[in-house]
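Sequences and hints are given; from them, build the entire structure.
Read top to bottom, the protein sequences are chains A and Y.
First residue of the first sequence: 15, per the numbering used here; consecutive thereafter.
First residue of the second sequence: 170, per the numbering used here; consecutive thereafter.
Keep in mind the hints are simulated off the structure, nothing from the lab.
All figures in this text were calculated on a predicted structure; none of them were measured in a lab.
Here are the simulated lysine-lysine pairs, DSS-like style, with alpha carbons at most 27 Å apart:
#, chain 1, residue 1, chain 2, residue 2
1, Y, K406, A, K155
2, Y, K390, A, K693
3, Y, K397, A, K345
4, Y, K397, A, K183
5, A, K345, A, K168
6, Y, K331, A, K641
7, A, K559, A, K462
8, A, K187, A, K749
9, A, K468, A, K560
10, A, K206, A, K309
11, Y, K406, A, K160
12, A, K201, Y, K516
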Amino acid sequence: MKRVFKECYVVLALVLFSNFSYGQVVPIRYDSLAKVTFQGKQKKLLKGFDSAAVSSKIKSAKTQLASAIGLDKLPKRDTDKTFKKFAIKGFNTEVGTMYQSTPRFGQKSNFVNVVNASADLMIYNFPLQLDLVNYQSQPDKLNPLKGNLFKFDKPDPRRMMLSKINEMKNFQKNILNGNDLKNYVRKGIQEKLKSNLPPEVLQNASFNRFINNPEQLKKLLTMEKANLEAQVQLFLEDTKKGLNAKKTGLEKDGQQFGDSLIAVKKTEITSFITELQDDLYSSGINENMITLFQKMTSNNISEKDLASFFYQELINQPKLSGFQKYYSRIKEFQVGDFGNSLPGSFLNRDMLLQGFNVSMKTTRGYTRVGISGNSDAGFPKDMGLNSSVFSIPRLYTYLSVPTTNFMIGSGKLSWVGMYDKQKSATNFLSPATLPKTNSAFTLSQDFKFQEFGKLTLEVSKSSTQYANMTIITPMGGTAISNNLLGNYFRDDFLQTLSLGANHAIEDKKTGLSSNMFFSYSGLGFQNPGSQSLGNRGMRFGGNAKKFFFKNKLSLSVRGDLKHTPINAETNAHWANFNAQLDSRFRISKKTSLNIKYIKNGINKAGEQNEMVYQTEKFQADFTGSYKLMGFNSFSFISLGRQNMLIPQSTQPSNFMSINYTQTVLFEGFNLSGNLFYNKDFSSTTLLGNMTNADLSCQYNLNERLSLSSGLTYLDNQQSARQFGIKQNIQLQLGKHFDISAYLDIRKNLITPQFPDLFSANRGDFSVRYYFGKL
Amino acid sequence: MILKKLNCFLFLLVFGFVASAQTSLQFIPEVYGRNMDGLMHVSIINQSTGFNARLNIIVTERRNGKVVSLQTGIFSVGRGSTVLPSSAARGASLQFGSTKLATFVQRNGYFPEGSYDYEFNLISASSSSEQIVIDQTFSQDLAPIAPMDLIAPYDNEEICEKRPLFSWQPLIPVINGSSYSLLLVEVKNAQNPVEALNYNLPIVNQKGIPVNLLVFPSNAKELQPDKKYAWQVTAYKDETVLNRSEIWSFKINCKDSVSEILEVDYGYRDIDDLVKGNYYVAEGFVKFALVNAYQEQRLKFEVSCITDPRIKVKSLPKITLKRGQNKIRLDISHNNAFKDGYSYILKVMMPNGVNKNLRFIYKDTD
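Written out as structure tokens, the structure is:
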């Protein structure tokens, strides 16, 4: 049966493709749950010969059907009731190569070849996303068995819904003329009522109630014709009553709104709505999607809406076992080489983990569990950096469980255990590591204060332990460490404790958003969730942004202070600080000014304060678009003045840089140029006097082939002087295939002082094939 | 190859201490003397026949005395270069001092500031006797490495520069012979920046940067509007990572001013359709198609504002109609008479003399 429908569908599409001039699409109510039902609108097939309307209908129907029978639609139809153990819903592959010559004698060229493959899979009706990469960065050691990473991930609902969202956006743009669905319906009905009737007719309370309620709106747009007519009749009679009730001056109008007029208006309004229904269905927006669509058109859609719709669709699938219904409860499901942060401190940052991670919704909140490895060196992206003193290879196990779920906020308890992981069988000098464990319990609690934002408090206790460890007592004997044998809480409690607070607020009314954090750790606290030194002493920082004058001006402040202990006996520490002030003015519709101030440095603080490094920068950016000799043009100018004292020097370096971009859009081609100029004012030069310029012309040879050709010039005093050409080609082959190539060839006018920095040739090449939703 | 050999020779000359005519140790305290695991980064050069051995390492700080001593498990030293194997490290026993400094090292795994002596004893461990083959001490004044933070572009910032200047804090303390590498990649949909760095083809993968600043490499492709990028800086020496920054991301966005460049073509609908429809929304442009069956001529049209009739709409673009199908794109984005959210009527005098009134709402493009 289903096959017959599919064939009918394709035949119908083919017929319309072959210029079936005065037909109209038979709307097919199609939804992803495979409820394929004809709407029985055949009588419209040869309805009337209003040439303009019909031709535009055909056009839009063609577009819709073209996409309906296109390859991108085929996988969607596979989501029918069929149950498959394994199905590929979308596939995307990309091969990219980057080459950069490094002229220094004996130095390897900079070469990277990356083969990516990504697929949306259904495994036992679980949607899963698979990413694979083969990353080769050393041309003399090409080995397809090495440099491979893979990742299974629960797909982002936004990603799974991407084709649907695009369909909806096109519908809003083309059929609703950019309107909100609700407003489109309201205005459409009001238009019909307006003629021959007084303006008061538009103030129909029951009608407005109907339209403003999303459920009722959905009902209206999914009603069968007979019900719809009855509903419209009710509205109209209600409207008439409303008019009659206002005796003064309108009595006549009420009388004028007689049965015959009601019948006319009823037909007009009903046909307006049924046409919209037809358009919706033929665009694949089924009754389950109308509420979602309304939210999307009114820019009110959230990720949660998309996710819940997506899961609802999944749950409604037949043949789901009880376990599969739990899918919607899974927040994270990652296997392979994936990026995530460990539970515990809010300061934990994402790192590349190798293992698995699952987070699932339970009664009180999310429970998270995982076992993952992490290592720092030896990854292909680092191109030959084979060992690391930044971080050692390690294995993590972790568990995070919800504790409280009060009205005021939720809490959780997290445990992270870290073990050293010896890396063996490597082809480089793999540093052995000493057996060590490091674990931490973290208790955190959120407090939500409506307009005062959210406060998170946390307390964490760590323990570090080397295996086979003894301690020399002050008397000269040896003893077992007092935190061995599970004496977790006896190990200088305060020294191995960390406290933290984080406050976030977002107030749309006042245009203020801010996030502040503070954390303090004892001298012996080790946070296993941090990739490098786990001891971080004190951290304080945050950011705040506020809009003024109807978003014409925005001010933002960002700051960060880090104290890292460096001495076991004194309070000596590194103090890294960073403060940035950023202001953006919208001068006019098309011009804006951005002024920025940065102060950043590292001090050795403690008994005495010693500045080790410092920089200060003022920057002003101007952007503007305007007409230049009748052509659209765009300019960006950035002026920066910076002084910097680096540890290797006693004199600060002082320099000014200008970054200028100009684009002019001519008929059929664009011209754009970039100029970077740096001027050093002091004897301590960092960048040196430098001019770096390019000019390029972008043009399309045909719809598929776009090109850009340019000239380049670089002058960095005695360090380097080059000129050259660059060429970029982009070729779109069909709907699913594109190729792009970029080449930059330069001639050295003098021998570069830092050949790594000023390579003479660079080429990028990529081929991309995509199929399905990706 | 020649360079590698030369390097080995230099190592021997500088760091290696020839204990016996045939056996020596390689250890770089400035790099590997910073943490406990670094102590395992020692290699043994042996010119004679292989033997079994274990390694005793004693670390002392000049003011605080003994910090830690450790004894590895037994491993075999072959001819040539031997790296301390994992099994020997795994079987190591450790003995920490009882000073504050020793407790600091015990908990944190790295050495705080101080003047350290690292004494390595390689002891041949045959069944009959134990004999010290090498007794070698390295000295180093050191302080732990400070965090290396990125400066600009700031994390999650939106910038308009397609060739930005990157800056970050330098490696502190200074380690001679170290330099920086910077990796910049595009972050694709649903990726997080960490995954992007490991999975994606780099846009910038620049090694050998001498200072804590990098001008966007002149031969790299410029960054694209509306795309998100992630970057990280690594300080390294030879093949060893010394320090890394956090991974930050930023987005290119010049939307305030480049709406024309970003404009998406949604196609041109016939003016008859638009007139019939409800409320056309003009985002910077009014676009429509019409057929001119007559000769080439200037399109006559005028616009008036409904929301505020006092607004006089002037300086409209001049449009010449060709014979046949014409796609009209009225660029009104720079005209100050058009205000966001206001309604307008466009009155078009069609070539056949018929007037068409198109109502539209103007919306700013940003």
